[in-house]
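Colleague: Could you put the whole structure together from the sequences, leaning on the hints where they help?
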Amino acid sequence: MQTEHKITKQNYKDYVFNKMPKSSHWKNMFWAFIVGGTICAIGQGFIELYSIWFSDQDASILASSTLVLIAAIMTGFGVYDQIGRFAGAGSTIPITGFSNAVVSPALEFRTEGYIYGVGAKMFLVAGPVIVNGVTISVIVALICMVLGVL
Amino acid sequence: MMYYKGRTLNFSNSYVVDGYTIAGPKENHGKFKGMFDLALDDDMFGQNTFERAERKMFEHAIDGIVGKCNCVHKEVDAILGGDLLNQIVSMSFAARKTHAGFLGLYNACATFVESLIVGSSMLNSGLGKVICVAGSHFSTAERQYRYPLELGVLRSPVTQWTATGVGASMLSSTCEHNCVKITKATIGRVVDFGIMDVNNMGAAMAPSACDTICQFLRDTDGDINDYDAIYTGDLGKLGMSILVDLMAQEGYDISAKLVDCGASLFWEEQKTYQGGSGAACTALVFNSKILSKFRRGEYKKILFAGTGALMSPTTSFQGDSIPAITHLVEVCN
Amino acid sequence: METLSVFVKAFLVGGAICTLGQIIINFTHLTNGKILVIFLIAGAILEGFGVYSKLIDFAGAGASVPISGFGSALVKGALKAAKEKGIYGAFTGGLAACATGISIAIVSGYLVSVLFRPRTKAK
Chain R
360 MQTEHKITKQ
370 NYKDYVFNKM
380 PKSSHWKNMF
390 WAFIVGGTIC
400 AIGQGFIELY
410 SIWFSDQDAS
420 ILASSTLVLI
430 AAIMTGFGVY
440 DQIGRFAGAG
450 STIPITGFSN
460 AVVSPALEFR
470 TEGYIYGVGA
480 KMFLVAGPVI
490 VNGVTISVIV
500 ALICMVLGVL
Chain P
27 MMYYKGRTLN
37 FSNSYVVDGY
47 TIAGPKENHG
57 KFKGMFDLAL
67 DDDMFGQNTF
77 ERAERKMFEH
87 AIDGIVGKCN
97 CVHKEVDAIL
107 GGDLLNQIVS
117 MSFAARKTHA
127 GFLGLYNACA
137 TFVESLIVGS
147 SMLNSGLGKV
157 ICVAGSHFST
167 AERQYRYPLE
177 LGVLRSPVTQ
187 WTATGVGASM
197 LSSTCEHNCV
207 KITKATIGRV
217 VDFGIMDVNN
227 MGAAMAPSAC
237 DTICQFLRDT
247 DGDINDYDAI
257 YTGDLGKLGM
267 SILVDLMAQE
277 GYDISAKLVD
287 CGASLFWEEQ
297 KTYQGGSGAA
307 CTALVFNSKI
317 LSKFRRGEYK
327 KILFAGTGAL
337 MSPTTSFQGD
347 SIPAITHLVE
357 VCN
Chain U
718 METLSVFVKA
728 FLVGGAICTL
738 GQIIINFTHL
748 TNGKILVIFL
758 IAGAILEGFG
768 VYSKLIDFAG
778 AGASVPISGF
788 GSALVKGALK
798 AAKEKGIYGA
808 FTGGLAACAT
818 GISIAIVSGY
828 LVSVLFRPRT
838 KAK
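Residue numbers (my numbering), protein chains in the order written: chain R, 360 to 509; chain P, 27 to 359; chain U, 718 to 840.
Simulated from the structure, these hints should not be mistaken for laboratory data.
Errors might be hidden in some of the hints.
Below, a list of computed lysine-lysine pairs in the BS3-like style, where the Cα atoms sit at most 25 angstroms apart [said to hold, decoys possible]:
id, chain 1, residue 1, chain 2, residue 2
1, U, Lys726, R, Lys386
2, P, Lys31, P, Lys327
3, P, Lys297, R, Lys365
4, R, Lys480, U, Lys838
5, P, Lys57, P, Lys283
6, P, Lys94, P, Lys59
7, R, Lys378, R, Lys365
8, U, Lys771, U, Lys726
9, R, Lys480, U, Lys726
10, P, Lys263, R, Lys386
11, P, Lys82, U, Lys838
12, R, Lys386, U, Lys751
13, R, Lys368, R, Lys378
14, P, Lys94, P, Lys319
15, P, Lys59, R, Lys378
16, R, Lys381, P, Lys263
17, R, Lys386, P, Lys297
18, R, Lys381, R, Lys365
19, R, Lys381, P, Lys297
20, U, Lys771, R, Lys386
21, P, Lys297, R, Lys378
22, P, Lys327, P, Lys263
23, P, Lys57, P, Lys319
24, P, Lys59, P, Lys283
25, R, Lys372, U, Lys751
26, P, Lys283, R, Lys365
27, U, Lys838, R, Lys381
28, P, Lys82, P, Lys94
29, P, Lys263, U, Lys751
30, R, Lys368, P, Lys263
31, P, Lys57, U, Lys751
32, U, Lys797, R, Lys381
33, R, Lys372, P, Lys82
34, P, Lys297, U, Lys838
35, P, Lys123, R, Lys378
36, P, Lys283, P, Lys327
37, U, Lys838, P, Lys59
Ranges of calculated distance between the beta carbons of each label pair, as one might list FRET restraints [said to hold, decoys possible]:
id, chain 1, residue 1, chain 2, residue 2, range
38, P, Lys100, R, Thr367, 51 to 61 angstroms
39, P, Val285, R, Thr367, 46 to 56 angstroms
40, R, Leu408, P, Gly345, 23 to 33 angstroms
Model, not experiment: these values are computed from the prediction.
Every residue gets a Cβ at the ideal spot worked out from N, C-alpha and C, and that includes glycine.
Modeller: This is the structure:
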């Protein structure tokens, strides 16, 4: 029971913050590390495999693309979000998380049709990644040109 | 005869004839297993979209309550209710199938209690029979308020789980044999204590619950000990403990009597964290557990409050805090 | 032994990047989209200074699979094309380098949405 301070509108946020159950930081970090590391190690496996036939750079791109495809299929089967429930950033930050972010809205909004549903909503979550990524790549390249680094 | 004091109304002839509930599979695996009139094995309910499934649940609940009360659709004067979707489509579309007057209501998860208050007022103004109905569906609410279903995200420990289900009550101005009676109601006001975290709706709603319950007790000079239980809508475990603290500060000890519909819906191992949320919580619990407890004589008089968080995804993205509302009715034997 | 150490490095560096992301989430409660964008921009800026490529040389997939590797690839492509074709390249290079990944994501998203239905979650 709260006796020391009166709860008011002003201090309510602090009061709630202190009362809130906290996420278990160590557990979250442990699973993020294990799952994230495993996805990257699997990616490394594909790189090793593809570099038998392709150049290093192509092998790397193909490996990432394979991971994207696998994550898309896992999303379709409703498995990827189960991993995300405990892995958190471990399944969000790898490229597979990007794939999940593209596929899950596509799947969800299919009921609104292929044009306005799948087509328009596909980048609901992942859109910011493409938009910001392309913008920053152009800016960085222009800055480097202006500075004469290139 | 209707009079009021403060924000509290008195009703003289509002009786709950019966209640009808439909619940989703997860809810029927919870603590209320077997208490629902219809439990779905599949929350698609034979439809091709979740939205249509929710709509069909509303249609089914309205038919169900009419059948259970041995009346015909024609006898019903009005249908009141709502759901959580934009433009309250599930309820409105379901009302196409009926001929009664229809008022679409929205107070988020407080909608069911809101409909009981409006319904009771209408009975006092001369209507004979009204149906109050409210519900929600996990899969439709999740898409509208949060993320696509298949997106893998780590859920915060303060989150709740939107319950799938629809509950309907038949209110009548006459009573044939010892009906449950709605005697008083306090209309809530919108309270905003500045909580921004959309996951933490319990904390956003607890101050409004405290405000309405205290207002009721002041308006009626009521004593908390006269009531067998105080029900709240979907505060969740955290919201409940905040409400107990806030009420203690106002001089009321409600810890022994407080029951939260949402928090009591699921088992711990169903991983809903703070418990259930959504308009279905109050509608399901009132029409199953509470009515049957009254019939068995375990309850004489209770307070039943519905809590609602009135934000939308747009307001959250624009950085606004979460306003909340609580409506309350006094239910007697 | 050589191959094994490549995997260990990928695992450790990839895991470390994800753990860093999780720490940021734990302490700031940022949403998924924001975390992705932050790591993407971090990778892009580090690549601008030529640092991220060195990490990829060291850790392989451990650095290229996280979304920061995506940002780095965008910038690397833009810089390379800018060097060859000037200002025209600065605009085309980034997307061209990542076209495979984006196209596969879009096409597979489309296919999956045709073949599957979203499922209600039990927990």
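Colleague: Hint by hint, say whether it matches the structure.
Modeller: Hint check results:
no. : hint                                        : verdict
1   : Lys726(U) <-> Lys386(R)                     : holds (22 angstroms)
2   : Lys31(P) <-> Lys327(P)                      : holds (20 angstroms)
3   : Lys297(P) <-> Lys365(R)                     : violated (33 angstroms)
4   : Lys480(R) <-> Lys838(U)                     : holds (21 angstroms)
5   : Lys57(P) <-> Lys283(P)                      : holds (19 angstroms)
6   : Lys94(P) <-> Lys59(P)                       : holds (20 angstroms)
7   : Lys378(R) <-> Lys365(R)                     : holds (14 angstroms)
8   : Lys771(U) <-> Lys726(U)                     : holds (13 angstroms)
9   : Lys480(R) <-> Lys726(U)                     : violated (37 angstroms)
10  : Lys263(P) <-> Lys386(R)                     : holds (22 angstroms)
11  : Lys82(P) <-> Lys838(U)                      : holds (20 angstroms)
12  : Lys386(R) <-> Lys751(U)                     : holds (22 angstroms)
13  : Lys368(R) <-> Lys378(R)                     : holds (16 angstroms)
14  : Lys94(P) <-> Lys319(P)                      : holds (18 angstroms)
15  : Lys59(P) <-> Lys378(R)                      : violated (31 angstroms)
16  : Lys381(R) <-> Lys263(P)                     : holds (14 angstroms)
17  : Lys386(R) <-> Lys297(P)                     : holds (16 angstroms)
18  : Lys381(R) <-> Lys365(R)                     : holds (23 angstroms)
19  : Lys381(R) <-> Lys297(P)                     : holds (15 angstroms)
20  : Lys771(U) <-> Lys386(R)                     : violated (31 angstroms)
21  : Lys297(P) <-> Lys378(R)                     : holds (20 angstroms)
22  : Lys327(P) <-> Lys263(P)                     : holds (24 angstroms)
23  : Lys57(P) <-> Lys319(P)                      : holds (15 angstroms)
24  : Lys59(P) <-> Lys283(P)                      : holds (23 angstroms)
25  : Lys372(R) <-> Lys751(U)                     : holds (23 angstroms)
26  : Lys283(P) <-> Lys365(R)                     : holds (23 angstroms)
27  : Lys838(U) <-> Lys381(R)                     : holds (23 angstroms)
28  : Lys82(P) <-> Lys94(P)                       : holds (18 angstroms)
29  : Lys263(P) <-> Lys751(U)                     : violated (29 angstroms)
30  : Lys368(R) <-> Lys263(P)                     : holds (21 angstroms)
31  : Lys57(P) <-> Lys751(U)                      : violated (37 angstroms)
32  : Lys797(U) <-> Lys381(R)                     : violated (46 angstroms)
33  : Lys372(R) <-> Lys82(P)                      : violated (40 angstroms)
34  : Lys297(P) <-> Lys838(U)                     : holds (11 angstroms)
35  : Lys123(P) <-> Lys378(R)                     : violated (47 angstroms)
36  : Lys283(P) <-> Lys327(P)                     : holds (12 angstroms)
37  : Lys838(U) <-> Lys59(P)                      : holds (18 angstroms)
38  : Lys100(P) <-> Thr367(R): 51 to 61 angstroms : holds (54 angstroms)
39  : Val285(P) <-> Thr367(R): 46 to 56 angstroms : violated (27 angstroms)
40  : Leu408(R) <-> Gly345(P): 23 to 33 angstroms : violated (47 angstroms)
Violated hints for the displayed structure, listed by number in ascending order: 3, 9, 15, 20, 29, 31, 32, 33, 35, 39 and 40.
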